[in-house]
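J.: One-letter residues, chain by chain:
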Amino acid sequence: MKARTWLTWAVIVLVTVLPLWLIGATPGTPGTALFGGSDDRAQQAIGTIAPGYRPWFSPVFTPASDEIASLLFALQAAIGAGVIGYWLGLSVARERAQAPATATAAASAAEAPREHRAD
Amino acid sequence: MHIMEGFLPPAHALGWTAVSLPFLAWGLRSMGRSLQAHPERRMLLGVAAAFAFLLSALKLPSVTGSCSHPTGVGLGALLFGPAAMVPVGFVVLLFQALLMAHGGITTLGANVFSMAIVGPFVSYGVFRAVGALGLSRSVAVFLAACLGDLATYVTTSAQLALAFPDAVGGFQVSFLKFAGIFALTQVPIAISEGLLTVLVVNAMARFNAHELRALPVMSLRAREGT
Numbered sequence: 001m002k003a004r005t006w007l008t009w010a011v012i013v014l015v016t017v018l019p020l021w022l023i024g025a026t027p028g029t030p031g032t033a034l035f036g037g038s039d040d041r042a043q044q045a046i047g048t049i050a051p052g053y054r055p056w057f058s059p060v061f062t063p064a065s066d067e068i069a070s071l072l073f074a075l076q077a078a079i080g081a082g083v084i085g086y087w088l089g090l091s092v093a094r095e096r097a098q099a100p101a102t103a104t105a106a107a108s109a110a111e112a113p114r115e116h117r118a119d
Numbered sequence: 001m002h003i004m005e006g007f008l009p010p011a012h013a014l015g016w017t018a019v020s021l022p023f024l025a026w027g028l029r030s031m032g033r034s035l036q037a038h039p040e041r042r043m044l045l046g047v048a049a050a051f052a053f054l055l056s057a058l059k060l061p062s063v064t065g066s067c068s069h070p071t072g073v074g075l076g077a078l079l080f081g082p083a084a085m086v087p088v089g090f091v092v093l094l095f096q097a098l099l100m101a102h103g104g105i106t107t108l109g110a111n112v113f114s115m116a117i118v119g120p121f122v123s124y125g126v127f128r129a130v131g132a133l134g135l136s137r138s139v140a141v142f143l144a145a146c147l148g149d150l151a152t153y154v155t156t157s158a159q160l161a162l163a164f165p166d167a168v169g170g171f172q173v174s175f176l177k178f179a180g181i182f183a184l185t186q187v188p189i190a191i192s193e194g195l196l197t198v199l200v201v202n203a204m205a206r207f208n209a210h211e212l213r214a215l216p217v218m219s220l221r222a223r224e225g226t
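In the order they appear, the protein sequences are chains B and D. Residue 2 in the working numbering is what sits at position 2 of the first sequence, and the numbering runs on without skipping anything. Residue 113 in the working numbering is what sits at position 113 of the second sequence, and the numbering runs on without skipping anything.
Keep in mind that the hints are not guaranteed to be accurate.
Output of the computed footprint for chain D on chain B, the stretches with three or more beta carbons under 8 Å from beta carbons of chain D [to be verified]:
(1) 2 to 15
(2) 49 to 60
(3) 66 to 75
(4) 82 to 93
Bear in mind the hints are in silico, worked out from the structure with no lab data behind them. Every residue gets a Cβ at the ideal spot worked out from N, C-alpha and C, and that includes glycine.
Please model the entire structure based on the sequences and the hints provided.
T.: Structure below.
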């Protein structure tokens with residue numbers, strides 16, 4: 001179970017990192033920024049299909065810069081990760097309280113190994 | 001997969017909003033009922049929502065040289081049924097539309113339809129189908145989350161192709177063009193989302209086996225993968 005979990009994590013990281021390495025080795029498509037958002041590419045595609053189209057509404061609030069935008073995205077991710085982390089911690093604690101005798105055995109199979117090193 | 005603010009003609013924007021609203025109302029009702037009957041599920045529903053929040057903020061690089069993000073709504077659809085994820089997806093999209101200029105108010109209906117309706121319903125359907133075939137839970141969860149994610153992006157491509165058909169080739173040519181941007185980019189990201197969802201479901205089964213057993217979907221096929 002644990003080996004499989006690690007292997008799954010490794011595959012996720014590989015699938016994410018490989019494009020950076022593979023695409024970086026070959027020159028990107030001219031005219032488009034490498035690793036820009038696919039939303040922006042779609043916007044460009046609309047520009048070629050319907051050159052006369054003008055957006056009829058603009059965003060109510062636009063982040064002041066790309067840096068601020070990434071701050072807000074980081075915030076969104078942090079909120080999500082925080083809730084999940086809270087639940088994981090709570091689950092581990094609850095399980096330990098319920099079955100103190102088997103806690104060490106259970107800990108070795110747990111998803112969050114860092115929390116068990118203190119044992 | 002966000003259709004940018006103002007990038008759908010008014011008739012399309014209104015149409016998709018009209019299609020999405022009943023689903024949103026249904027989702028709110030089913031969520032409220034489920035929580036009233038099982039208040040102990042609040043925590044897990046929060047985790048499912050947090051998962052969608054987290055994943056839809058991660059812009060991952062893909063083989064096409066552009067970035068896109070997973071949706072994370074598959075997990076909640078498997079746990080609480082697809083309707084419950086409509087309000088969750090709506091909140092995520094509203095947050096991004098209002099604060100990040102990502103997506104938009106006028107395109108919210110269309111984006112809710114692709115990410116918060118098609119995605120969860122496809123995930124749920126795939127999960128039931130794969131489960132009925134007798135495959136392990138991990139395989140069912142992986143395929144459900146992965147295909148639900150892809151379905152969202154195929155839907156977005158179709159929505160844009162409907163609004164912007166090619167002058168010569170019409171809907172089909174446009175659809176292929178948008179699918180080349182969205183769906184193709186999404187393939188490795190959908191695989192990542194599928195694997196991540198399996199990890200989270202395994203963690204849930206491991207730590208919250210009691211609550212999980214009470215969930216109708218999971219109790220049906222709580223087989224451990226081999």
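J.: Hint by hint, say whether it matches the structure.
T.: Tested hints:
1. 2 to 15: This one holds; 6 residues, not fewer than the three required, reach chain D with a Cβ under 8 Å.
2. 49 to 60: Held - the segment 49 to 60 of chain B has 9 residues with a Cβ nearer than 8 Å to chain D, which meets the minimum of three.
3. 66 to 75: holds (count 4)
4. 82 to 93: Check passed, 8 qualifying residues.
Violation of the numbered hints given earlier is absent; every hint is satisfied by the structure.
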